[in-house]
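Residue numbers (full-length UniProt numbering), protein chains in the order written: chain A, 1 to 405; chain B, 1 to 405.
Don't read these hints as lab results, they were simulated from the structure. Don't take every hint at face value.
Put simply, identical chains are the same to the list, so a pair is met inside one copy or across any two.
As the list claims (entries may be wrong) - The calculated lysine-lysine pairs, modelled on DSS-like cross-linking and capped at a C-alpha distance of 30 angstroms, are:
| id | residue 1 | residue 2 |
| --- | --- | --- |
| 1 | Lys290 | Lys42 |
| 2 | Lys113 | Lys42 |
| 3 | Lys290 | Lys370 |
| 4 | Lys42 | Lys370 |
| 5 | Lys91 | Lys45 |
| 6 | Lys290 | Lys45 |
| 7 | Lys116 | Lys15 |
| 8 | Lys8 | Lys290 |
| 9 | Lys45 | Lys269 |
| 10 | Lys269 | Lys91 |
| 11 | Lys370 | Lys26 |
| 12 | Lys370 | Lys116 |
Protein chains: 2
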Amino acid sequence: MSVVTLEKCRENIRKQLDNVVDFWLKYSLDRVHGGFFTCIGKDGKIYDELKYVWLQGRQVWMYCRLYRTMDRFHKPEILEAATVGGAFLRKFARVSSSSGQWKCAFCLTRDGKALKVQRTIFSECFYIMAMDELSRLTVEENFPKQLFSEQMMEQLIYWVQVDPSGLGRPQLPGEVPINSLSVPMMLMCLVQQLTEGRGQEVAQKYKELGNWCVEQILQHIQRAGTAILENVSVDGSELPGCQGRLQNPGHALEAGWFLMLYGAQSGDKEIHRTAIRNFVELPYQYGWDKEHGGLFYFLDVDGHCPTQLEWSMKLWWPHCEALIAFLMAYSHTRKPELLEIFSEVYQYTFSHFPDAENGEWFGYLTQEGKVALDFKGGPFKGFFHVPRCLYMCERILDDLLENKD
Amino acid sequence: MSVVTLEKCRENIRKQLDNVVDFWLKYSLDRVHGGFFTCIGKDGKIYDELKYVWLQGRQVWMYCRLYRTMDRFHKPEILEAATVGGAFLRKFARVSSSSGQWKCAFCLTRDGKALKVQRTIFSECFYIMAMDELSRLTVEENFPKQLFSEQMMEQLIYWVQVDPSGLGRPQLPGEVPINSLSVPMMLMCLVQQLTEGRGQEVAQKYKELGNWCVEQILQHIQRAGTAILENVSVDGSELPGCQGRLQNPGHALEAGWFLMLYGAQSGDKEIHRTAIRNFVELPYQYGWDKEHGGLFYFLDVDGHCPTQLEWSMKLWWPHCEALIAFLMAYSHTRKPELLEIFSEVYQYTFSHFPDAENGEWFGYLTQEGKVALDFKGGPFKGFFHVPRCLYMCERILDDLLENKD
Chain A
1 MSVVTLEKCR ENIRKQLDNV VDFWLKYSLD RVHGGFFTCI GKDGKIYDEL KYVWLQGRQV
61 WMYCRLYRTM DRFHKPEILE AATVGGAFLR KFARVSSSSG QWKCAFCLTR DGKALKVQRT
121 IFSECFYIMA MDELSRLTVE ENFPKQLFSE QMMEQLIYWV QVDPSGLGRP QLPGEVPINS
181 LSVPMMLMCL VQQLTEGRGQ EVAQKYKELG NWCVEQILQH IQRAGTAILE NVSVDGSELP
241 GCQGRLQNPG HALEAGWFLM LYGAQSGDKE IHRTAIRNFV ELPYQYGWDK EHGGLFYFLD
301 VDGHCPTQLE WSMKLWWPHC EALIAFLMAY SHTRKPELLE IFSEVYQYTF SHFPDAENGE
361 WFGYLTQEGK VALDFKGGPF KGFFHVPRCL YMCERILDDL LENKD
Chain B
1 MSVVTLEKCR ENIRKQLDNV VDFWLKYSLD RVHGGFFTCI GKDGKIYDEL KYVWLQGRQV
61 WMYCRLYRTM DRFHKPEILE AATVGGAFLR KFARVSSSSG QWKCAFCLTR DGKALKVQRT
121 IFSECFYIMA MDELSRLTVE ENFPKQLFSE QMMEQLIYWV QVDPSGLGRP QLPGEVPINS
181 LSVPMMLMCL VQQLTEGRGQ EVAQKYKELG NWCVEQILQH IQRAGTAILE NVSVDGSELP
241 GCQGRLQNPG HALEAGWFLM LYGAQSGDKE IHRTAIRNFV ELPYQYGWDK EHGGLFYFLD
301 VDGHCPTQLE WSMKLWWPHC EALIAFLMAY SHTRKPELLE IFSEVYQYTF SHFPDAENGE
361 WFGYLTQEGK VALDFKGGPF KGFFHVPRCL YMCERILDDL LENKD
């Protein structure tokens, strides 16, 4: 890719971001009960009114981030959407659990009644992301919102590092504790979120946790550095069976750019190299479908067929993570082979996922690249991976094009 | 289909059943720890050692049934497999829950340690099926095993009809109780299992429950008889959103032949007609893929895209249920149009699912009919739907061919 094509690429990404922001502003906000509809059909029609807390939190975070850091999105309607979503979350997301600790619901009715609580930490994670980013918008409300996120964060750390019983899952004799990639990744993302621009004291407070996350993430490098495995034992060895052999290339790529950011910020060059080699280049090598293009959703490191029915489908979000990871890796190293792969992922992504007719992106393709599920939002697809990817890529491209070699 | 082709069809089905029984006898039994391996690759290789209680129970049931009712399977190795599986289940399946009630685990380690407990009734259902059928094999052990299944059955009825809190799911303010088709279907299947050939006293004991199940199943006929919906409210009205609009054609077809049996046994002709019209013909009409053939896994009654990633895939078990349902409906009515549809389902099924090379059936195809997951057994595919279908069809065909018009 030349500078000229990088310019074109930025132009396209900018247009896509505008389009996606417009789509969600137009269809998603619930002005009656607050919060967001996220089950949105291909043409913008709401086909279900349930409110998924992961997606509510992510959407608040994304609006705040756009409002706060990009001039063209510093608009009243973005601020309004962010605050309406934030108020809904603050009012309804938290439920007290049987242990007396606060949990966040996974799913709420349109008017905010809890419908489902997961026995994991992820609803809480996205709640914290939303509350922290929201606390950065306005000075007068800063303190309480920041407090909300910090209190929930304390509890999260307790569940992950001390005692998970408050999550509500009974301990069973056959269970062994596992290190699932999603947990240290999410916590690392939160550490970056909570400390960004907050000064030395906050950075110091979360420093140890950040280091712990890195250590836990690196445990997923297995088989003499030739594979990233999604689940490992807590002492970093391979687990038996399907669970132990599972690979999720999109997830590894996402961990890759989290680690790259950490390496760049902390000045740890070894981590930075490991991030690119093991978490960016490697998952692309084993995760890319040489026949039809695109990234597989799940793989088994020994080549068995995964038991996940959707293993061979091409989902939008691993492609979003791959775009960020390769563009960031290129911008940090200027190695042309990284830009080449970015270009390949870019071609596949933009020729398959965006819907030229009704806007936004399809999320779920067959292995062959046909649209398999045609909605724009669903229980797990909201206003997050697509705009975050476009936002990150636009910023990296701005940086690259301002600092041409 | 003529008598000649029905003869050929029976011949094929008989061969297929022999093949499938051989496959599982060869690869599945764990002679070290007892129970069955069910994660079996396309060529018979065990790719995971976890033992799923649904599948353990179903496999015990199937072996007992074959041993007890089909001469050619009245063999020591079938009896051995059934009893080894039954002993494993009896020893390890039950775990005491926090409420002090007995639950069955969903998943066990190879040596029988509980790994996961679902907050539903299905592990218990398949445990009961296995224990009841096992109690029919040998006279001397009859009493205790029959007792096991009856005790668990009492608890199941309590969870379903009185208080579900023992299942371990906290009640949340947004939840409304729902009538999910799977629950009355499973209970009805258990009523038929527990009462079969047990005499008047047992029949009387479960009569009311059987009637309740029928009533609950019939509530799923919605939209003026034009649709079977998977989830309805407890008073039989349509629920909002995706959950309320969900259709699972294979499930409706399975309910269809359960209801047909009930109608035939009780002499209730109206139920029998409803079973065929609403639960057999109708799900085929909306569930059959006119473009590529085969039954969709999930549909939305209003034509929205389902949110289940696998909605358009062709799974083996709905086709098994369709074969039983249409052949039974034909044998009960002798209407040629029912045999025509049986023939269509038969053609699709036998040209897509059986693996001529390594035996047994593939379970998961793409919408277009390509094998998407190539294993023969997995967490949800065991020795059950395929052999039950072949067993039922062989018996119906025996009956049809002995009583030619």
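Now for the hints, and whether the structure bears them out:
1. Lys290 / Lys42: So Lys290 and Lys42 pass the 30 angstroms test inside a copy (29 angstroms) and across (23 angstroms) alike.
2. Lys113 / Lys42: Answer is within: at 27 angstroms inside a copy they meet the 30 angstroms cutoff, but 46 angstroms across does not.
3. Lys290 / Lys370: Classified as both: same-chain Cα gap 16 angstroms, cross-chain 18 angstroms, threshold 30 angstroms.
4. Lys42 / Lys370: both (15 angstroms within a copy, 27 angstroms between copies)
5. Lys91 / Lys45: within (26 angstroms within a copy, 52 angstroms between copies)
6. Lys290 / Lys45: Between copies only: 26 angstroms across chains, 36 angstroms inside a chain, cut-off 30 angstroms.
7. Lys116 / Lys15: neither (37 angstroms within a copy, 47 angstroms between copies)
8. Lys8 / Lys290: Result: close within a single copy only, 26 angstroms intra versus 43 angstroms inter.
9. Lys45 / Lys269: Intra 48 angstroms, inter 44 angstroms, cutoff 30 angstroms: neither.
10. Lys269 / Lys91: Neither: 43 angstroms inside a copy, 55 angstroms across copies.
11. Lys370 / Lys26: Result: close within a single copy only, 27 angstroms intra versus 39 angstroms inter.
12. Lys370 / Lys116: For Lys370 and Lys116, neither the intra-copy (32 angstroms) nor the inter-copy (36 angstroms) Cα distance is at most 30 angstroms.
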